[in-house]
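If you want the building blocks of each chain, they are given just below.
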Amino acid sequence: MTDHDDEQRLHAAFARLREDESQGAPTLARLRARADERSTGRAPRLAWLRFALPLTGAAAAGFVWWIAVRAPTHDGSQLAAPNPQHLELAALAESQRVIALGSLRSPTDALLAPPIAALPSGFSNSLIPAPRVAPAAPGEQQSQAAPARRYSA
Amino acid sequence: MTRAELELALGSVLAVSRGWALAQARWNAAEADDVLQTSVLKVLDGRARFGGRSSFRTFVFGVIRQTARERRRRDFVRNLILLRPAAQDEAAPGSGAAPAPDERLSHSHESARLAAALAQLPERQREIVHLVFYGELTIEQAAQVAGIALGTARTHYARGKQKLRELLPDLAPEGNA
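So the protein sequences, as listed, match chains A and B. Counting from 1, position 84 in the first sequence corresponds to residue 84 in this note's numbering; the numbering is continuous, with no gaps. Counting from 1, position 118 in the second sequence corresponds to residue 1118 in this note's numbering; the numbering is continuous, with no gaps.
To be clear, the hints were calculated from the coordinates, so they are not data collected in a lab. Errors might be hidden in some of the hints.
[Stated by the list, open to error] Some chain B residues judged to face chain A by a derived CB distance under 7 Å, without partners named: (1) Ala1009; (2) Gly1011; (3) Arg1018; (4) Gln1037; (5) Leu1041; (6) Phe1050; (7) His1107; (8) Ser1108; (9) Leu1171.
[Stated by the list, open to error] Chain B residues, not near chain A, derived (Cβ > 12 Å throughout): (10) Thr1038; (11) Arg1049; (12) Ser1054; (13) Phe1056; (14) Phe1076; (15) Leu1082; (16) Ser1111; (17) Arg1113; (18) Glu1123; (19) His1130; (20) Thr1155.
From the three backbone atoms N, C-alpha and C, an ideal C-beta is built for every residue, glycine too.
Model the full assembly from the supplied sequences, consistent with the hints where possible.
As structure tokens, this is what we get:
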């Protein structure tokens, strides 16, 4: 059997296959109707996505905004609005540091430093060291420095 | 092409396109009809545009092939996610197990044997042989549809024919079916 004969037989066999399969071939109209049936069947199943997706997106955006802006930190303050008490305390600590450094150079500076009137409510200065006074030399009269005062609200 | 011209052209190649869809779906009629329907809608909606660089039949066959591949890929991922076993008709390469053509197809005995033999060919050989003998394309057009070089298509064509000859040694000559 030559290659040409082979091809002829294959062509004939495929022609029969084509003929058999063409019997159940759909028409264009049938395909369209089938697509319409599918789409009407699919629409109600996916309809909830139309509402769920925007809602999920809005909830995610809101959560991100809350985390970034409004979420309280571990001490209850908020990142966007610094606690004014913290600022006041920071300023107070800075002034105490200046006083303490000055007192090392001259004990009288500590005496001349204005007394701290009061701490904001809820804070104690027990951790802030009182100004140190240099010990008096032997024979020298003890200065009249007032004992370290501690302030508390 | 206008829509009316598209519909007319589609109607003229619909029967042979269904055969190509069946070959792509390994003769699973339901899957083939899904693929054909999606492909036709792609052409009519303009999602697949005929540029006139090839014959209309070649273009439609290319769309069907692409659609079938997309569908297989989607099914594979879906099965993977749902941890479902692969479909029964996905015989392992080299296993020799060929899926039987769908019983809903009204194949004669000879046609059923040919379809079963075709299903046993490697994918490329099956595609080229089917496109040339069933789709009546030239090897060059078949290479375009399959997206391979002409020389490669010729090789697949020769090997596919040889394999079919081995699988169907008693192929009846024309008129003796």
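Status of each hint after checking the structure:
The interface hint given for B/Ala1009 is violated, since its Cβ lies 11 Å from the closest Cβ of chain A, which is over the 7 Å cut-off. Hint status for B/Gly1011 relative to chain A: holds, with the closest Cβ pair at about 5 Å, below 7 Å. Taken as an interface hint, B/Arg1018 checks out: its beta carbon lies about 4 Å from the nearest beta carbon of chain A, inside 7 Å. With 7 Å as the threshold, the beta carbon of B/Gln1037 comes within range of chain A, its nearest partner Cβ sitting at about 5 Å, so the hint holds.
The restraint placing B/Leu1041 at the interface with chain A holds, with a minimum CB-CB distance near 6 Å, inside the 7 Å limit. Hint on B/Phe1050 is violated. Least Cβ distance to chain A is approximately 16 Å, over the 7 Å limit. Nearest Cβ of chain A to the Cβ of B/His1107: about 5 Å, under the 7 Å cut. The hint holds. Annotation: interface hint on B/Ser1108 holds; nearest CB of chain A at approximately 6 Å, less than 7 Å.
Among the interface hints, the one on B/Leu1171 holds; its C-beta lies about 5 Å from the nearest C-beta in chain A, closer than the 7 Å criterion. The claim that B/Thr1038 lies off the interface is violated: its Cβ sits roughly 8 Å from the closest Cβ of chain A, which falls inside the 12 Å cut-off. Residue-level check passed: B/Arg1049 sits 18 Å from the nearest beta carbon of chain A, beyond 12 Å. Chain A leaves B/Ser1054 outside its interface by the beta-carbon criterion, the shortest separation being 21 Å against a cut-off of 12 Å.
Interface exclusion of B/Phe1056 from chain A stands, the closest Cβ pair being 14 Å apart, more than 12 Å. Distance check on B/Phe1076: its Cβ is at least 21 Å (rounded) from any Cβ of chain A, clearing the 12 Å threshold; non-interface status holds. Annotated as non-interface, B/Leu1082 keeps its C-beta farther than 12 Å from every C-beta of chain A; the closest such distance is 17 Å. In this structure B/Ser1111 is not separated from chain A by more than 12 Å, as the shortest Cβ-Cβ distance comes to only about 4 Å.
Not every Cβ of chain A is farther than 12 Å from the Cβ of B/Arg1113; the closest lies at roughly 9 Å, contradicting the non-interface assignment. The beta carbon of B/Glu1123 sits about 18 Å from the closest Cβ of chain A, which is more than 12 Å, so the claim that it is off the interface holds. Distance check on B/His1130: its Cβ comes as close as 8 Å (rounded) to a Cβ of chain A, failing to clear the 12 Å threshold; non-interface status is violated. Look at B/Thr1155: its CB is around 15 Å from the nearest CB on chain A, clear of 12 Å, so calling it non-interface holds up.
In this structure, the earlier hints numbered 1, 6, 10, 16, 17 and 19 are contradicted, and the remaining ones agree with it.
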